[in-house]
Every structure is written in structure tokens, then in C-alpha cells.
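K.L.:
Sequence:
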Amino acid sequence: MSNIRVVQMAVLLILEPIFEAEFRDSSFGFRPGRSAHDALDAIRGHLNRGKREVYAADIKGYFDTIPHDKLKAALEYRISDRSVLKLIRMWLKTSIEETDDRGRTSRHRPTSGTPQGGVISPLLAIYLHWSEPQGHAASSPEAS
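Start counting the sequence shown at 1411; every next residue gets the next number (the working numbering).
Derived from the structure by calculation, the hints contain no laboratory data.
Treat the hints with caution; some may be incorrect.
For lysine to any residue, the following SDA-like pairs were computed, each having C-alpha atoms within a straight-line distance of at most 20 angstroms [as the list claims (entries may be wrong)]:
| no. | residue 1 | residue 2 |
| --- | --- | --- |
| 1 | 1482 | 1494 |
| 2 | 1482 | 1496 |
| 3 | 1480 | 1458 |
| 4 | 1480 | 1425 |
| 5 | 1461 | 1425 |
| 6 | 1470 | 1425 |
| 7 | 1482 | 1520 |
| 8 | 1503 | 1513 |
| 9 | 1480 | 1426 |
| 10 | 1503 | 1522 |
| 11 | 1480 | 1500 |
| 12 | 1503 | 1436 |
| 13 | 1496 | 1531 |
| 14 | 1496 | 1522 |
| 15 | 1503 | 1478 |
| 16 | 1496 | 1436 |
| 17 | 1480 | 1501 |
| 18 | 1470 | 1517 |
| 19 | 1470 | 1486 |
| 20 | 1470 | 1525 |
| 21 | 1461 | 1500 |
| 22 | 1480 | 1461 |
| 23 | 1496 | 1528 |
| 24 | 1482 | 1421 |
| 25 | 1482 | 1436 |
| 26 | 1470 | 1536 |
| 27 | 1470 | 1499 |
| 28 | 1480 | 1526 |
| 29 | 1503 | 1493 |
| 30 | 1496 | 1429 |
| 31 | 1503 | 1461 |
| 32 | 1503 | 1474 |
| 33 | 1470 | 1415 |
| 34 | 1480 | 1415 |
| 35 | 1482 | 1461 |
| 36 | 1496 | 1486 |
| 37 | 1503 | 1465 |
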């Protein structure tokens, strides 16, 4: 395991309980102790209680499109430790190297997305928690 992954895991172990306390019971994606089978069980329970509406979403390319500015605002809303925020900003700003069809490589700093394959990336998807349609979202960083 690389040093970056070790540090990301340490940050994840600190932050996950903080954010888990805010997530709704109806949220199953990338959550510890929750699986697709748990989501199906919850749907069955709703159907057995007479509820007939089911909402499903698969947001294509979601991890690649999370805007850094809004994600940082969401994180700053709950995290007061500046050193942790600095680490996360560093991971978000890490240059990406891409090769085009002609074999030319270029580097750029992303303004959206979470680190691919990063241990911390699923937790950073918390941005969705505050960007859901009005009436469903929890209190948001923009609301404060």
C-alpha cells in the first residue's frame, strides 16, 4: 500500500463517522456496512408497507464531475481541522497525465472529480448529500 493510500485511509477513519451520522437511512451507496442487498431489502420493506414508488439513479461519471469548489465548501462546513482540509485539497489538485490518440501526453490540474482509485474518493462523494433536489437534502453548507 502506498504512503498516499495509508494517509487517505487514516483520514477516512477519522472523517467517516462524522459524515455517517448525517447520512439518511435510505442512502446505501459506498457506505460501510451497507450493500446492494440491503438496498433491495429496504425496497421490499417499503413495498410490503404499500409504498409503490421507487427512485433509482446511476449518475454516469459522477466521481469525475464533482466540482471541487462546492466539494470544498461541503467539507469545510463539517471539518475544522485545517491540516485535514489541506491534505484533501492536495489530493484533489494532483495533476492528471493523459495520452491522446496520437500518443502525446499532457498534464493538467483538475477542477472537478475525486482521485481515481483513491481510498478517500467514495467518502468525498458526500457532495451529493447536499446537492439532492430540494425537499430531500439535509442542511447544506450553502444554507449556513
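K.L.:
When you check the alpha-carbon spacing of residue 1482 and residue 1520, does it fall within 20 angstroms?
P.N.:
14 angstroms, holds
K.L.:
Holds or violated: are the alpha carbons of residue 1496 and residue 1531 at most 20 angstroms from each other?
P.N.:
At roughly 16 angstroms apart (the allowed maximum being 20 angstroms), residue 1531 and residue 1496 satisfy the hint.
K.L.:
Residue 1482 and residue 1421: Cα distance at most 20 angstroms?
P.N.:
15 angstroms, holds
K.L.:
Would you check the hint for residue 1480 and residue 1425, treating anything up to 20 angstroms between C-alpha atoms as holding?
P.N.:
18 angstroms, holds
K.L.:
What's the verdict on residue 1503 and residue 1522, does the C-alpha distance respect the 20 angstroms limit or exceed it?
P.N.:
The given pair, whose Cα atoms are some 9 angstroms apart, holds under the 20 angstroms limit.
K.L.:
Decide if the proposed pair is consistent with the structure: residue 1503 and residue 1474, CA atoms, cutoff 20 angstroms inclusive.
P.N.:
13 angstroms, holds
K.L.:
Starting from residue 1470, check that the Cα of residue 1486 is at most 20 angstroms away, please.
P.N.:
Violated - the C-alpha atoms of residue 1486 and residue 1470 are around 26 angstroms apart, more than 20 angstroms.
K.L.:
Within a Cα-Cα threshold of 20 angstroms, do residue 1480 and residue 1526 meet the stated pairing?
P.N.:
19 angstroms, holds
K.L.:
Does residue 1517 sit within 20 angstroms of residue 1470, going by the straight-line distance between their CA atoms?
P.N.:
24 angstroms, violated
K.L.:
Take the C-alpha atoms of residue 1482 and residue 1494, compute the straight-line distance between them, and say whether it is at most 20 angstroms.
P.N.:
Judged against 20 angstroms, a Cα distance of about 12 angstroms means the pair holds.
K.L.:
Given the hint that residue 1496 pairs with residue 1528, does the C-alpha gap stay at or below 20 angstroms?
P.N.:
16 angstroms, holds
K.L.:
If you draw a straight line from the CA of residue 1503 to the CA of residue 1436, is it 20 angstroms or shorter?
P.N.:
Outside the cut-off at roughly 32 angstroms; violated.
Going through the hint list in order, the structure does not satisfy hints 3, 5, 6, 8, 12, 16, 18, 19, 21, 22, 25, 27, 31, 33, 34, 35 and 37.
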